[in-house]
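Taken in order, these protein sequences are the chains called A and B. Each residue of the first sequence is one higher than the one before, starting from 1 at the first, in this note's numbering. Each residue of the second sequence is one higher than the one before, starting from 1 at the first, in this note's numbering.
Don't take every hint at face value.
[Claimed, not checked] For lysine-lysine, the following DSS-like pairs were computed, each having C-alpha atoms within a straight-line distance of at most 27 Å:
#1 B:Lys-8 to B:Lys-139
#2 B:Lys-80 to A:Lys-389
#3 B:Lys-389 to A:Lys-271
#4 B:Lys-139 to A:Lys-80
#5 A:Lys-353 to B:Lys-8
#6 A:Lys-155 to A:Lys-252
#7 B:Lys-271 to A:Lys-389
#8 A:Lys-359 to B:Lys-68
#9 B:Lys-389 to A:Lys-353
#10 B:Lys-389 to A:Lys-389
#11 B:Lys-353 to B:Lys-271
#12 A:Lys-155 to A:Lys-359
#13 B:Lys-8 to B:Lys-126
#14 B:Lys-68 to A:Lys-389
#15 A:Lys-68 to A:Lys-252
[What the hints assert, rightly or not] Examples of chain B residues toward chain A, derived with CB under 7 Å:
#16 Tyr-50
#17 Arg-54
#18 Pro-123
#19 Ser-153
#20 Thr-301
#21 Ala-314
#22 Ser-315
#23 Ala-319
#24 Cys-324
#25 His-343
#26 Arg-344
#27 Pro-348
#28 Glu-352
#29 Tyr-385
Since the hints were derived computationally from the structure, they do not count as laboratory data. From the three backbone atoms N, C-alpha and C, an ideal C-beta is built for every residue, glycine too.
There are 2 protein chains.
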Amino acid sequence: MFTITSLKNGLANVEGFYCDAVNCGLRPDPGQGDLAFIRSDRLCTISAVYTTNRFRAAPLRHALRYGKTFEGNFILANAKNANAMTGEAGIRDVEEILAALPAELDARNPVMSSTGVIGYRLPLEKILSGLQRLDWNAKNSDAAARAILTTDSFKKELCFEVELENGERFRIAAIAKGAGMINPAMATMLCFIATDAAVPAEEMEELLEEAVSLSFNRISVDGDTSTNDSVFLMANGASGAYDRDAFAEALKRLTFELAMMILRDGEGANKVVAFEVTGAASDEEAMTAATNLSNSLLVKTALFGEDPNWGRIASTIGASGIACDEERLVIRYDDLLIYDAEHRELDPEREEKAYRIMKRDSFRILCDLGIGTGSYTAYGCDLSYDYVKINAEYRT
Amino acid sequence: MFTITSLKNGLANVEGFYCDAVNCGLRPDPGQGDLAFIRSDRLCTISAVYTTNRFRAAPLRHALRYGKTFEGNFILANAKNANAMTGEAGIRDVEEILAALPAELDARNPVMSSTGVIGYRLPLEKILSGLQRLDWNAKNSDAAARAILTTDSFKKELCFEVELENGERFRIAAIAKGAGMINPAMATMLCFIATDAAVPAEEMEELLEEAVSLSFNRISVDGDTSTNDSVFLMANGASGAYDRDAFAEALKRLTFELAMMILRDGEGANKVVAFEVTGAASDEEAMTAATNLSNSLLVKTALFGEDPNWGRIASTIGASGIACDEERLVIRYDDLLIYDAEHRELDPEREEKAYRIMKRDSFRILCDLGIGTGSYTAYGCDLSYDYVKINAEYRT
């Protein structure tokens with residue numbers, strides 16, 4: 001038994017962690033930071049999950065030298081410039097910046113994390129001068145959470161306190177960013193998780209990968225996968241407390257809630273939809289169908305139009321290439337039967353009910369294929385004019 | 001040696017073929033037909049390529065009883081109702097409609113082809129009454145071409161006359177429709193091709209499949225694949241003329257030009273872009289990269305915004321999972337170098353040139369991966385506000 005409680009002020013709650021942000025001139029609005037750090041005053045185990053994109057950005061290629069799990073205590077993050085497709089020079093820039101950290105921080109295996117436009121070198125002078133103005137002993141989670149945002153419309157920051165049965169407590173907190181380029185295979189997102197739980201180093205990767213597979217790997221805004229996506233978990237053990245089940249649960253809940261915040265803030269998105277596929281020949285086939293649904297432009301525009309056009313749902317499942325049969329398929333929106341072999345055309349009463357469900361901020365589309373026992377849930381959003389506007393105008 | 005000449009009035013030019021259309025009340029605008037036929041006064045060899053969607057519509061399931069190549073002389077087409085996801089009842093409706101054709105037509109293995117909304121039974125009375133008003137001896141290609149359109153903004157109709165070295169001639173003509181749900185794996189499109197060439201029955205399938213693989217299977221408007229896509233090739237041999245090379249070339253040119261018309265008429269599209277991938281490890285990997293580019297929302301919105309943001313091109317290639325290397329990649333827009341390892345940031349002069357290229361109605365994006373000899377070209381279009389508008393409002 002354990003209890004999980006929400007706390008305000010994100011990273012600031014976690015023992016031994018410090019964070020701050022400044023504007024160093026990458027972002028035109030001087031009121032919002034663009035350079036942030038998260039550090040621990042004692043050595044952490046750090047595990048990371050990175051994008052599957054073959055063109056990994058320079059900071060990822062730098063961090064990967066340490067392996068997927070390593071000892072360290074320092075992450076520097078910047079917005080507005082991805083330092084991607086910048087070649088060996090981009091990696092040298094990371095090294096030069098991190099070499100400039102004050103010696104008294106005792107930064108061990110420090111890493112960078114960048115987001116923004118691809119193909120431009122980092123402006124070293126701006127960043128090196130920004131480093132001078134960071135307060136290394138601040139616990140300014142709000143500023144750090146805001147500094148890493150790009151097209152996001154609100155900050156993503158969470159903290160949980162976990163109380164174990166024996167009365168011991170630990171905390172886990174995170175900041176994240178991500179709004180477009182969100183895809184089931186890791187998204188244009190960054191997430192930095194800090195915990196004072198005493199997580200054994202050998203359990204870190206498995207715990208993080210399972211949490212990511214249930215959260216960030218299930219959301220889709222536009223089906224694109226960026227060069228910079230990263231999730232870092234830093235555990236410094238300062239609380240002395242740990243219980244695997246409790247920690248796994250807290251980590252899953254944290255990453256899932258952040259994933260839903262990212263999706264709700266999807267570029268131009270107005271609603272979040274869970275695509276729950278059951279009865280597939282296998283879990284893999286269910287995943288194929290669910291992720292195809294969450295990525296389909298025709299489904300996404302029908303969600304935006306609040307049109308209970310189940311034909312687009314069926315057509316997308318059929319096009320995904322998995323085993324399915326129109327005589328066995330059942331589609332529901334929340335608890336409302338939309339389609340089965342006995343109820344193909346929507347009568348006015350069910351159509352009216354379907355409209356009401358689709359007007360909600362979030363609802364579930366359940367597709368039972370009636371073939372086997374495979375299941376998977378993916379999460380998506382609608383596609384609106386604003387998505388097109390944001391992405392047609394992003395760089396210019 | 002042979003010559004290919006364009007003729008007006010599409011299907012009307014082909015010996016032995018007749019076509020007409022009427023409005024039978026499926027479409028609200030009585031000025032545009034919604035029920036059309038194409039028939040030959042002598043028996044044809046008919047080959048067909050159908051959608052890969054697992055939920056094939058009732059008329060396809062009906063036609064597939066005859067096999068992919070069969071003897072026949074009659075196709076009936078309707079708009080506004082796909083007769084898809086309608087179960088066995090949908091197939092019985094097709095049978096009932098086709099059984100009502102006048103005996104004097106001597107319709108042999110007649111088939112239907114439908115497009116429109118999924119999940120509703122065909123209105124039999126309207127269609128049966130419409131049959132009474134069709135002129136079976138008309139050569140009204142224009143009316144037939146207009147009757148099959150859905151969200152298309154212009155009709156797609158072509159005819160070529162082919163003169164062989166020995167002075168013999170044959171003709172090949174087609175009408176097509178398709179605007180949204182256009183995907184490399186067959187699109188929400190219908191295409192009816194009629195020829196008086198004496199094509200040997202055993203060569204039909206191979207000729208048609210090759211032409212489709214180079215045309216309709218290479219275009220993407222939105223990455224969705226419908227339940228009804230079909231391409232029919234009807235050859236009645238009335239001209240007595242045939243030469244395999246000449247016919248193959250005419251068929252390829254016909255289907256490619258129709259594919260480009262479909263793409264140019266893509267829902268909300270303003271420009272057509274050829275994504276030419278070369279230097280891939282294999283043709284398959286080149287196809288993966290090219291089709292990912294033509295389907296990427298971030299690429300499509302950048303095209304709409306006329307933003308030479310090559311980072312989205314590179315990121316999409318990297319995300320496609322194929323072998324690639326940022327040191328070897330070269331990206332060009334038409335003849336303009338956009339990216340290579342020596343030229344990563346766009347200088348103002350190249351950026352200005354890139355803007356001018358992107359303002360064109362059509363241009364090429366060439367990506368050489370520098371890995372091997374695999375190549376593939378896919379064709380796509382931009383994604384605009386109008387795509388969202390058309391698809392959010394389609395059914396209602």
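Verification of the supplied hints:
| no. | hint | verdict |
| --- | --- | --- |
| 1 | B:Lys-8 to B:Lys-139 | holds, 13 Å |
| 2 | B:Lys-80 to A:Lys-389 | violated, 31 Å |
| 3 | B:Lys-389 to A:Lys-271 | holds, 17 Å |
| 4 | B:Lys-139 to A:Lys-80 | violated, 61 Å |
| 5 | A:Lys-353 to B:Lys-8 | violated, 50 Å |
| 6 | A:Lys-155 to A:Lys-252 | holds, 20 Å |
| 7 | B:Lys-271 to A:Lys-389 | holds, 17 Å |
| 8 | A:Lys-359 to B:Lys-68 | violated, 44 Å |
| 9 | B:Lys-389 to A:Lys-353 | holds, 23 Å |
| 10 | B:Lys-389 to A:Lys-389 | holds, 13 Å |
| 11 | B:Lys-353 to B:Lys-271 | holds, 18 Å |
| 12 | A:Lys-155 to A:Lys-359 | holds, 25 Å |
| 13 | B:Lys-8 to B:Lys-126 | violated, 32 Å |
| 14 | B:Lys-68 to A:Lys-389 | violated, 44 Å |
| 15 | A:Lys-68 to A:Lys-252 | holds, 19 Å |
| 16 | Tyr-50 | violated, 12 Å |
| 17 | Arg-54 | holds, 4 Å |
| 18 | Pro-123 | violated, 12 Å |
| 19 | Ser-153 | violated, 18 Å |
| 20 | Thr-301 | holds, 4 Å |
| 21 | Ala-314 | holds, 5 Å |
| 22 | Ser-315 | holds, 5 Å |
| 23 | Ala-319 | holds, 4 Å |
| 24 | Cys-324 | holds, 5 Å |
| 25 | His-343 | violated, 10 Å |
| 26 | Arg-344 | holds, 6 Å |
| 27 | Pro-348 | violated, 13 Å |
| 28 | Glu-352 | violated, 13 Å |
| 29 | Tyr-385 | holds, 5 Å |
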